[in-house]
Amino acid sequence: MIVEPALADPRMRRESRRAAVRGLGELVLTLGIVVLLFAGYEVFVTGWTADGAQSAASADLDRTWAAPAGAGAGAVTAPAVGKPALRLHIPGLGPGWARTVLEGVGQDVLASGPGHYPGSALPGTPGNVALAGHRVGHGAPFDGLGELHSCDALVLETRGEWFVYRLLPFPGEVAGWTRSAAARPRCKGIDALGGSYSSTPGREIVPPTAGEVVAPVPRRPGVAPERQLLTLTTCHPRFSARQRLVLHAVLVTTYAKAGHPPQWRPSELDGI
Amino acid sequence: MYAWIWRHLPGSGPVRVLAAATAVAVLLAALVLLAFPALDAVLPYADVDVGS
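Protein chains in written order, with the numbering used here: chain A, 1 to 272; chain B, 1001 to 1052.
It is worth saying that the hints were derived from the structure and are not from the lab. Just so you know, even glycine gets a beta-carbon here, dropped at the ideal spot from N, CA and C. Check before you lean on any hint, since a few could be wrong.
Label pairs and their computed distance ranges (CB to CB) [unchecked claim]:
| id | chain 1 | residue 1 | chain 2 | residue 2 | range |
| --- | --- | --- | --- | --- | --- |
| 1 | B | Ala1023 | A | Thr49 | 42 to 52 Å |
| 2 | A | Glu212 | B | Ala1030 | 42 to 52 Å |
| 3 | B | Leu1027 | A | Ala256 | 49 to 59 Å |
| 4 | A | Lys188 | B | Ala1030 | 41 to 51 Å |
| 5 | B | His1008 | A | Asp60 | 34 to 44 Å |
| 6 | A | Glu212 | B | Leu1034 | 53 to 63 Å |
| 7 | A | Arg242 | B | Gly1013 | 35 to 45 Å |
A partial selection of chain A residues facing chain B, derived with a Cβ cut-off under 8 Å [to be verified]:
| id | residue |
| --- | --- |
| 8 | Gly32 |
| 9 | Val34 |
| 10 | Leu37 |
| 11 | Tyr41 |
| 12 | Glu42 |
| 13 | Ala78 |
| 14 | Val206 |
| 15 | Ala241 |
| 16 | Arg244 |
Working from the sequences, and respecting the hints, build out all of it.
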């Protein structure tokens, strides 16, 4: 039997071992670069596509509103899944912050903007308007939710009306609320809700399975709602899906668009 | 690995550089257009709703 000369020579053997180690190193480096590329894709590329889809949804909503209201206008009905439902304004996330909300909370819908939980209320009726949105990637509409404070305004815009909600007192603020709220003009009329709403704080962190937080009366499935609430959900902590960040707000004011010029905006949108 | 690929690329000089650039571009496109969206759909941090 003939021994292969390359393997017989110790120098050649060292050489081939070195090549193998170098190949492994190159492979690991390449994988690292691919992981970095994926991070860039998640943060930037999904944002670009989401921005395009959000603009299209927004234009679609404007067209729907501009068209003459058909039969049954005034009735509160949700659009088909994937269609724009209403517009959400959160002045606390920056001047002019607005997103068009689409019907549905599937991944395909949320890739275009915040989504409205099918079956949850629409503004104007007692119940809970529940919205979900991405906190990371896909335009991350709900990225800043963790920085909002109690009494901050969340405004829903429909074809004919503006609905101004304000975040309820956060846990830990309820004791001494009367005094701290008196010092903040925007908290006028805001207080922890009692009765069947006693377990509805302005902000809570819940496990992903806590579907009861979007019930008509949060955490009280089956109880008939008396108040008009708005609930936002997103992932928590950021970059994780271990929990959900949930914000609850209560309706404080409604403005009809009819009595105002087309460009009129509620003063709450200026951060008041 | 990269030395091996370089040795096996066709042509010589500029043609080889062009081939390498094309290979990188094709790989990037495959990642961004196919692999990353598929991975994004199964990773958990895209879940933002409750109760499902």
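Comparing the hints with the structure gives:
Look at Ala1023 (chain B) against Thr49 (chain A): about 26 Å separates their beta carbons, and that is not inside 42 to 52 Å. A hinted range of 42 to 52 Å holds for the C-beta pair Glu212 (chain A) and Ala1030 (chain B), which are about 43 Å apart. Restraint check, Leu1027 (chain B) to Ala256 (chain A): a C-beta distance of roughly 57 Å satisfies the suggested window 49 to 59 Å. Between Lys188 (chain A) and Ala1030 (chain B) the beta carbon distance is about 57 Å. The supplied range of 41 to 51 Å is therefore violated.
Evaluation of the 34 to 44 Å hint for His1008 (chain B) and Asp60 (chain A) yields a failure: the beta carbon distance comes to about 51 Å. For the hinted restraint 53 to 63 Å between Glu212 (chain A) and Leu1034 (chain B), the CB-CB distance of approximately 39 Å leaves it violated. Between Arg242 (chain A) and Gly1013 (chain B) the beta carbon distance is about 54 Å. The supplied range of 35 to 45 Å is therefore violated. At a threshold of 8 Å, the smallest CB-CB gap from Gly32 (chain A) to chain B is about 14 Å, leaving the interface hint violated.
A distance limit of 8 Å between C-beta atoms decides the matter here; for Val34 (chain A) the minimum to chain B is near 7 Å, and the interface restraint holds. Given the 8 Å rule on beta carbons, the hint for Leu37 (chain A) holds: about 6 Å separates it from the nearest Cβ of chain B. Taken as an interface hint, Tyr41 (chain A) checks out: its beta carbon lies about 5 Å from the nearest beta carbon of chain B, inside 8 Å. Residue-level restraint check for Glu42 (chain A) holds (minimum Cβ-Cβ distance to chain B is 7 Å; threshold 8 Å).
The beta carbon of Ala78 (chain A) is not positioned within 8 Å of any beta carbon in chain B (closest approach about 16 Å), and the interface hint is therefore violated. Against a cut-off of 8 Å between C-beta atoms, the interface hint on Val206 (chain A) holds, since the closest Cβ of chain B lies about 7 Å away. About 4 Å separates the beta-carbon of Ala241 (chain A) from the nearest beta-carbon of chain B, less than 8 Å, and the hint is met. Satisfaction of the interface hint for Arg244 (chain A) is found here, the shortest Cβ-Cβ separation to chain B being roughly 5 Å, below the 8 Å cut-off.
The structure fails hints 1, 4, 5, 6, 7, 8, 13 (numbered hints given earlier, in ascending order).
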